[in-house]
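Residues per chain are reported as follows:
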Amino acid sequence: MKHGIFKRLLAESRTRDAFAIVAALLIIWEVCVHIFSPSPLILPAPSAIFAEFWSSPWVFIRHSGYTLAVTALGFGIAVVLGIVLAVAIVYSRFLERTIYTLLVALNSIPKVALAPLFVIWLGTGTEPKVSVAVMLAIFPIVIDTVLGLRSVDPDMLSLARVSKASAWQVLFKIRFPCALPSLFAGMKVAISFALVGAIVGEFVAGGTGLGFQILVAQGQFDTPRVFVSLLLLSLMGTVLFYLVDFGERIFLPWHVSQRPHVAVAGG
Amino acid sequence: MDARANAQSYVRISRVGKVYPSPRGDVTALADIDLDIRNGEFLSVVGPSGCGKSTLLKCVAGLEGVSSGQISVRNTPVKGPPDRLGVVFQRDVLLDWRTILDNVLLSAEFLGLKRAQVEGRAVELLKRFGLGGFENRHPWELSGGMRQRASICRALLCDPELLLMDEPFGALDAMTRDDLNVELTRIWQDSNHGQRKTVLFITHSIVEAVYLSDRVVMMSRAPGRIVDVIDIDIPRPRPLSVRETPRFGELTGKIRHHFAELGILKQ
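From first to last, the protein sequence lines are chains A and B.
Note that numbering that gives the first Met the number 0 numbers the first sequence so that position 57 is 56, with each residue one more than the last.
Note that numbering that gives the first Met the number 0 numbers the second sequence so that position 126 is 125, with each residue one more than the last.
What the hints contain is simulated information worked out from the structure, not anything from laboratory work.
All C-beta atoms, glycine included, are put in the ideal place defined by N, C-alpha and C.
Any given hint could be a false lead.
[Unchecked claim] Covered, in the sense of this in silico footprint (three residues per stretch, anywhere, with C-beta under 8 Å from a C-beta of chain B), are these stretches of chain A:
no.: 1; region: 147-159
no.: 2; region: 166-176
[To be verified] Now the in silico label distances, taken between C-beta atoms and shown as ranges:
no.: 3; chain 1: B; residue 1: MET174; chain 2: A; residue 2: PRO252; range: 30 to 36 Å
no.: 4; chain 1: A; residue 1: ALA23; chain 2: B; residue 2: ALA173; range: 55 to 61 Å
no.: 5; chain 1: B; residue 1: GLU123; chain 2: A; residue 2: VAL103; range: 50 to 56 Å
no.: 6; chain 1: A; residue 1: VAL103; chain 2: B; residue 2: ASP230; range: 34 to 40 Å
no.: 7; chain 1: A; residue 1: ASP16; chain 2: B; residue 2: ARG185; range: 53 to 59 Å
no.: 8; chain 1: B; residue 1: ASP230; chain 2: A; residue 2: ALA87; range: 35 to 41 Å
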């Protein structure tokens, strides 16, 4: 079944079109560079960028791996923590008034500006980078999950009360599944935010990662190297986004957005 | 000794009032409601929208408290949802991520019954309601009528003694509604090893109320109060064609006339 979904994904015209448009853009870019020949410091040709990658592929892969690990860890922590917070907020009026308000206030601070503070607190290792990723990614998850947990039909809750359902049963059998579509919507935003957080963390203090690579390459005016890192980043972001999308298809086959067109049975 | 064996009335509503506080002054939803629902009786409440008939049902279900007076079920004052209660709402509130069978089994899960104990009964109920073969379908694959049938099966699964139905067929088309009226009477008549369920049925259709019921309670709005209780002496079983008989016309005419006198219906 999973294999079937994967095949469908590849066969989808959307995926094919996306590849086609990227290829077309790269060709236009290449041709333009050859016609107008700008300084390679300003805009290197795609072929030069690929050559740069091939000159030391393992270096780039190592740095990508680090950034990917920071992003994944930050995202994972944000999801778990975000869900716990959302449940707490929905079930407690006190926490709603306190944590929820605090979160909203915190969200209005440009969180990128807080990154240096995390370096002071946590040093220059992996922890501050993961922390920045978590901080950026957790908001959409909390906000969307709270919305989802609250969007349960009141009649459904009445029915649960009539059947003497426990609070846990209501949470796990009704509220949480009902919130899953919103949770996934939040996760799709959060995964990109986590990547941004990881890069910001590496900008501020680091010795590894694509963010650090960009910073070093910029210092050496090594524009092709900057571009390799940028392309790897966008590739990573895209793949991560579609991984969440893929998870949504697997976990929410029942949701309106995922349904195949079915004929409604009569009666 | 079984409480219901010696209790003449299954539900006793005495001098019940319900007031909702609102910024523009209190709103009286129910005023001085006095009503007994006999054991095994099919009783309908008919009235215009806003007459408090749904509020009355919620109070009997223990989902809302009363402001004055008292409701007892089986001689026990209602404080929360009473035992052996089944509820059907206007919307079917089936859970989209569960199959029809799993939806029907939900209340049993909440009550902590083993699946093996009730699955056979659920399958049999679905079959009796014309849903045989649809056990593993999802709610969104079914029509509105079939969904409402499934939600009635869910309410009947744990063999309730008291069935509360809040305009269950209000959202269905006329033909499906006729169908379900016939099915509901059939199920009610041969239910419970000779012991019929006590049913409180809320509707805004006079024809439906007369066709289904042993007694019809007429309610009027602002404030919600009982204006008349009419015995329906049409013998059972009642085929749909009973609606064309003079006696049926007399009874519906009487109710309609009474509502007209109150200014609720136009002559």
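Can you let me know if the beta-carbon spacing of B/ASP230 and A/ALA87 is within 35 to 41 Å? violated, 55 Å
Quick one: see if chain B covers the region 147-159 of chain A, three-plus residues with Cβ-Cβ under 8 Å. With 6 residues close enough to chain B, the hint holds.
In terms of beta carbon proximity below 8 Å, does the region 166-176 of chain A have 3 or more residues touching chain B? As far as the region 166-176 of chain A goes, the hint holds, because 4 residues have Cβ atoms under 8 Å from chain B.
Does the Cβ pair B/MET174, A/PRO252 satisfy 30 to 36 Å? holds, 32 Å
50 to 56 Å was suggested as the range; check whether the CB atoms of B/GLU123 and A/VAL103 agree with it. For B/GLU123 and A/VAL103 the Cβ distance comes to about 52 Å; the hint holds.
Could one say that the CB atoms of A/ALA23 and B/ALA173 fall in the range 55 to 61 Å? holds, 57 Å
Mind checking the hinted window 34 to 40 Å against the Cβ distance between A/VAL103 and B/ASP230? With a Cβ separation near 60 Å, A/VAL103 and B/ASP230 fall outside 34 to 40 Å, so the hint is violated.
I want to verify a distance hint. Is the separation of the beta carbons of A/ASP16 and B/ARG185 within 53 to 59 Å? holds, 56 Å
Figure legend: structure checked against the earlier numbered hints; hints not met, in rising order: 6 and 8.
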